[in-house]
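**Q** Listed below are the residues making up each chain.
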Amino acid sequence: MTNKEKYKQAFSAMHSPCEMTLEVEKMAILSKKAKIRTTAAAIITICLLITGGSGVVYAADVGGIQRTIQLWIEGDRTDVTFEYHESGTYDMSYETKDGETEELHGGGVAIEEDGTERPLTEEELLEELSWPDVIYEEDGTVWVYYYDQKMEITDQFEDGVCYVKVSNGEETLYMTVLYQDGWCTSPHKYVPAEALR
Amino acid sequence: MRQSVQELFEKYQDNLYIIAFNVCKNAEDAKDVVQDTFIQYYSAKKEFDDEQHIRAWLIRVAINKAKNMNNTFWRRNKMSLEDYMETLAFETPASEELFETVMHLPEKYRIVIHLFYYEDYTVHEIADILKLSESNVKVRLSRGRSLLKEKLQEEWEDDE
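Listed in order, the protein sequences are those of chains A and B.
Residue 137 in numbering that gives the first Met the number 0 sits at position 138 of the first sequence; the count goes up by one each step and never skips.
Residue 116 in numbering that gives the first Met the number 0 sits at position 117 of the second sequence; the count goes up by one each step and never skips.
These are computed hints drawn from the structure, not numbers from a lab.
Backbone N, C-alpha and C fix where the C-beta goes; we use that ideal spot for every residue, glycine too.
Take the hints with a grain of salt, since some may be wrong.
[Said to hold, decoys possible] Simulated crosslink set (DSS-like; lysine-lysine; CA at most 30 Å straight-line):
#1 A:K3 to B:K130
#2 B:K137 to A:K188
#3 B:K24 to A:K188
[Claimed, not checked] According to the in silico footprint, chain A covers these stretches of chain B (three or more CB under 8 Å from chain A):
#4 12–22
#5 87–101
Go ahead and model the full structure; you've got the sequences and the hints to work with.
**A** Structural data, given as structure tokens:
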């Protein structure tokens, strides 16, 4: 045998772990979802700025199904009236600690691999609303909310990127936050900022 | 040109895993390196000339990521090389000895030896992948071979 043949025989004993195929596929999907989340989060934020706290009753409109769900909002478990529309938008309202009705409207689109866009489904929107949230306060501080947790990340940005880990006790999520430019999460590892830009 | 991640994964996952392990000597880190390499390919907008160009790029990225892994302060608990080798089914005791001897070479010789003997790259191609001069690659290859010969004696031919 030549040295090359001996060498190849020796190293042919090694194989990559079987479970890796699935994980790479998952990561590819997560990479795609990262785009969904960035887009959806941006749209939701814009809608909050326009209509948040307006007090206008909005629910009785164009044929969505209204129901009550529970969401973690800024650290509190809150009953929310939620209505989904096929356009990928939602209306929701809830009572604040002060007893006032807060109305929020949002929506999102998913960007498919071929670049086409489609409205988010109700399931995707609800999943979106259960994910951690990033809030930019007027005083310049930046906070991550996830379930009952509140974490300040203002000083953790480097070159406009902050990597932060959050957990609800059962699941740990790795967040990549681009300063005022969206964020994404992965249950496996931090998604590189380059993948979101 | 571009090829799908799945297609490349099927073809090169073992090669990249072995290369990554060759550098970082840790199965879990090697697994992460392979995944990160394919994610980087997936995320990159880079166009390639042909499949050999893609292969060389994947190998270069995997080696760099594995080196980065070695340089990070935090390392996960890793299985010893001896314990890991017990999980492998070597065809002959000589194969096992060769594997172990290679893995005990200094990293800079190990990578060059592997690219030459396993990936069949020429000195010129190895220099291009590792961004080294050809003479530097030749020196590393020669020293690596000498160390292998010294340890393996008649099990390793003089092929310089």
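**Q** Is it true that the CA of K137 of chain B sits at most 30 Å from the CA of K188 of chain A?
**A** violated (38 Å)
**Q** Would the pair K3 of chain A and K130 of chain B pass a check requiring their Cα atoms to be no farther apart than 30 Å?
**A** Holds. K3 of chain A to K130 of chain B sits at ~23 Å (cutoff 30 Å).
**Q** Establish whether the coverage given for the region 87–101 of chain B by chain A is satisfied; the threshold is a Cβ-Cβ distance below 8 Å, and no fewer than three residues must meet it.
**A** holds (count 11)
**Q** Between the alpha carbons of K24 of chain B and K188 of chain A, is the straight-line distance 30 Å or under?
**A** holds (21 Å)
**Q** Go check the region 12–22 of chain B versus chain A for me, would you? Three or more residues, Cβ under 8 Å, otherwise it fails.
**A** holds (count 6)
The structure does not agree with numbered hint 2 stated previously, though it agrees with all others.
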